[in-house]
Amino acid sequence: MHAVEVHQVAKRFGATQAVADVSFAVERGEIFGLLGPNGAGKTTTIRLMLDIFRPDRGTVSILGGPMTEEKKERIGYMPEERGLYQNIPLERCLLYLGTLKGLPRAETRQRLAGLLERFDLAAHRGKKVKELSKGMQQKAQIISTILHQPELLIIDEPFASLDPINARAVKDLMRQLRAQGTTILMSTHQMHQVEELCDRIVLIDHGRNVLYGPLDQIQRQYTGRKVRVRLRGDPPPLAGVQQTAGGNGMLELNLAEGTEPQQVLQQLVRHQAIVEHFEIAVPTLDEIFIRAVGEHPDAV
Amino acid sequence: MSKTWLIAQHHFLEEARKRTFLLVLLALPLFIAFAAGLGYLFSLLQEDHTTLGYVGPAGWVTDPQASPSNPDVTLVRFDTTADAQQALEEGEVDAYYVLSASADARQAQLIYYEAPPYSAARTMTDLVRRNRMAGQPAALVERAIAGAHVTVHTGESDRAYPGGDPTLSHFLPLIAAGMFTFLVITTFGYLGEAVVIEKESRTMEVLVTSVSAGQMMAGKVLGGLGIALLQIVVWVACLVLIVVLGGSLLEIEWLQNLDPSWRDIAMVFAVGLPVYLFLAALTTALAATLVESQEIQQMGGLAFLLLFFPLYLLVPLIQAPNGPLALGLSFFPFTSVASIAGRSLVIEVPTWQIAVAAAIALACGIVTVWLAGRAFRLSMLRYGQRLRWRELLPGRRAEPS
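As given, the protein sequences belong to chains A and B, one line each in that order. Just so we're aligned, residue 1 is where the first sequence starts under the numbering used here, counting upward by one. Just so we're aligned, residue 301 is where the second sequence starts under the numbering used here, counting upward by one.
Because the hints were derived from the structure by calculation, they are not lab data. Here the structure is a predicted model, which is why all the values come from computation and not from measurement. Be a bit skeptical, because a hint or two may be false.
Simulated restraints, written as ranges between beta carbons of each label pair [what the hints assert, rightly or not]:
1. 189(A) / 514(B): 32 to 42 Å
2. 320(B) / 133(A): 54 to 64 Å
3. 514(B) / 57(A): 21 to 31 Å
In silico BS3-like links for lysine-lysine, alpha-carbon gap of 30 Å or less [as the list claims (entries may be wrong)]:
4. 71(A) / 318(B)
5. 127(A) / 171(A)
6. 318(B) / 130(A)
7. 318(B) / 226(A)
Ideal Cβ positions, reconstructed from N, Cα and C, are used throughout, including at glycine.
My request is simple: use the sequences and hints to build the entire structure.
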């Protein structure tokens, strides 16, 4: 049974089709990336999953069925727009949000003490939330999301406003939670974080699926379009190579449609070029993102 | 603890912890106590010991001790007018009476440079009356001294004022209505701010993934009700304290012998509760459509004007308490509580009118709760964007957020 199943959902606001046709499933215990450019429909999709909005079409199954009040206590949600009470002390704010997730007050207090220590916020527990820095508020928001130890964690831009040290702490936390069996759905624009953390992704654009599947499989799909070579001497003319770029002696060859890396290597050997380095470049997720989105400019 | 109670407790405590709340809580009783104290002090300053002289033949006053003692008045008898005049000029007396030679003539002259207080003159009058009735049964004397008992009946109903004028007891429903209005205003500001701040701070999106919209709204309304009840309890306790202290210890006459009409007070509550529900739901619906917390304060000012509107029209309401204006205002939820309380000064408002006013307010309340829920759901994630009222109509699609 999947933790989340989104099947052909669509949502329109007035004249705007926010989500046209999005489908994906999140497996239990994985970190799943929900990616897409600004305005692609990611946040609306998350709100549809959480039953904040009802879809015009399609179905959403979360933790084995429709959203219920009981399931809200098994889900942790951190929205892109952070939501903490600004005018009350941090500890009181987090205690309140924790108890709303069904935790007894004493247990909430106990867990909170540990998490405040872990995120270096213990000394600031009595300060009003508005007096904390953006990064501290971000950490506080993360604490409020995981305080009740949810089965499913839905987090939107978890690394925003975090310095590298705190970003690492959050990444470690996410890996730890995954190891404990927590399912994590993460939406972010920071592709290197996705590459580091996610098992599978869905990329949506203009409210539709563009890419979906295991991250390594997707990367393999886009592999073979580029090779990196270092030659001693000038490169010979190569058929099937669209563009050449490079620096520091390394050439990046973008291959034309139908050209395989092996054919390029055969050409180099045929021209008796001295090949010091030959590598089939695995594209970064950034590159895949740009290419995939560029290939579907009018997805709706 | 249920989530509704958790939310109610949170909002109650957050509001109760504010300094402004403490100020509002104590401002009204302090103001009433200050006004009552000032009045009492003023009356004390007005009171002064008075010495009155009188000149008269035997037969007028045979027993100078007949009048119940008034510690503020001393009566001095003079044999001649010249003696009395000399005493007046030398300041030994504040004024003196010259009683006519014959007691049957029933004439007396009061000589003074500055008129003595009415209470002092009344002491002299009572003394003469008691002397004239010496030998009569005591009950008869007391009844005669008490004078006429005037009871005013209003033309529109059987409402009566035994003292001739409405007393504090008659004004209690109006005071209850005033308190209700202050409570509504407080709730308006509190509830509205709670909703707008949660929208502004984006907390709403976190909350709706923890609790249902119904739990959230019920919790807020209960929290507001708790604050309102705390205010009522404190205000009523202060009012009782003022009445007890003022009536028993300070002997302020209009605070003594209170005989409130419990029917009229119950009537204010019977209409006030559904009106409260209506206004609380309306506040939430309004707050959901607004963007900034400042706007809710402006709306609060408008609500204040509407709620107090019947008090501006109190004179026409009393002149025609069963007229179309009075009925219209009594059935309009915004003005019903103050109108009915105002009318109760001169008539006993018919039960059917109270029932109709309560039913209209309840119906409006139910519709507005539905509207508030819809407004809340449509606008909760609409940051910095106003919800248009026409979007609340069934079948209308929300604009993009």
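Each hint tested on the structure:
no. : hint                        : verdict
1   : 189(A) / 514(B): 32 to 42 Å : 36 Å, holds
2   : 320(B) / 133(A): 54 to 64 Å : 28 Å, violated
3   : 514(B) / 57(A): 21 to 31 Å  : 26 Å, holds
4   : 71(A) / 318(B)              : 35 Å, violated
5   : 127(A) / 171(A)             : 26 Å, holds
6   : 318(B) / 130(A)             : 17 Å, holds
7   : 318(B) / 226(A)             : 64 Å, violated
Checked against the numbered hints above, the structure breaks hints 2, 4 and 7 and satisfies the rest.
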